[in-house]
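Quick note, the sequences are listed as chains A and B, same order. For the first sequence, the positions run 311 to 425 when the numbering used here is used. For the second sequence, the positions run 252 to 363 when the numbering used here is used.
Please keep in mind that the hints were generated in silico from the structure rather than gathered at the bench. Idealized CB from N, CA, C, for every residue including glycine. Mixed in with the good hints, there may be bad ones.
As the list claims (entries may be wrong) - Short, incomplete list of chain A residues facing chain B, as computed with Cβ under 7 Å:
| # | residue |
| --- | --- |
| 1 | 328 |
| 2 | 398 |
| 3 | 406 |
| 4 | 416 |
What the hints assert, rightly or not - Here are some chain B residues the structure puts well away from chain A; computed CB gaps all over 10 Å:
| # | residue |
| --- | --- |
| 5 | 258 |
| 6 | 264 |
| 7 | 283 |
| 8 | 293 |
| 9 | 295 |
| 10 | 300 |
| 11 | 314 |
| 12 | 350 |
| 13 | 355 |
Claimed, not checked - Label pairs and their computed distance ranges (CB to CB):
| # | chain 1 | residue 1 | chain 2 | residue 2 | range |
| --- | --- | --- | --- | --- | --- |
| 14 | A | 352 | B | 302 | 36 to 44 Å |
| 15 | B | 312 | A | 338 | 41 to 49 Å |
| 16 | A | 372 | B | 360 | 46 to 54 Å |
| 17 | A | 332 | B | 293 | 12 to 20 Å |
| 18 | B | 268 | A | 380 | 47 to 55 Å |
| 19 | A | 391 | B | 291 | 40 to 48 Å |
| 20 | A | 372 | B | 305 | 39 to 47 Å |
| 21 | B | 265 | A | 382 | 29 to 37 Å |
| 22 | B | 268 | A | 390 | 46 to 54 Å |
| 23 | A | 350 | B | 291 | 28 to 36 Å |
As a plain string of letters, each chain reads:
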Amino acid sequence: DAGVIQSPRHEVTEMGQEVTLRCKPISGHNSLFWYRQTMMRGLELLIYFNNNVPIDDSGMPEDRFSAKMPNASFSTLKIQPSEPRDSAVYFCASSFPPSGYNEQFFGPGTRLTVL
Amino acid sequence: GNSVTQMEGPVTLSEEAFLTINCTYTATGYPSLFWYVQYPGEGLQLLLKATKADDKGSNKGFEATYRKETTSFHLEKGSVQVSDSAVYFCALFSNTGNQFYFGTGTSLTVIP
């Protein structure tokens, strides 16, 4: 089992550029979550999907952020245009369909630096 | 609503000391409770879990008991090791909201 796969692991870009982060959830998992982690704000839920459908995007900071899940095995988080305050580690996590309780499986994260 | 409150860090202990990290929660319905651990440079990984009141989760010498009467899920370990240095997150899963709620994390450093 390869676990949740995220790419790239590290991204350095300049302010104003478009950034795309990618995630492949564990096969068979129907829920996918995007988190952002910073020293100041800790771990924040940005958006989550059930069966490829966005359920709650209230954590997305602003319109510069968008997320898609075109199929069960792939999701993207896009920032356009990027700003220095977007620098953070972005985690993707997946879980089984909601039934009683869910354990989330986290990817290794993408460390984003916006100069 | 649902929320998790855990003790502020950072926590620094000597090797073989006793560890307690407090966690309390507010939830509607009957949540499941979790402790996740994040080692430096890595993602979060599940440490232990409890799905109903009075359940005790345990793993790698860590324990936590789901206390409904005090709405708590404190993490304990009798003798910490340097390799336990990490950030620990308390979390709950709510059936009513079908969402996870994470605490702010507690950083633990164990010194030899």
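> Going back to the hint list, which numbers does this structure go against?
Replying inline: 1, 2, 3, 7, 8, 9, 10, 12, 13, 14, 15, 16, 19, 21, 23
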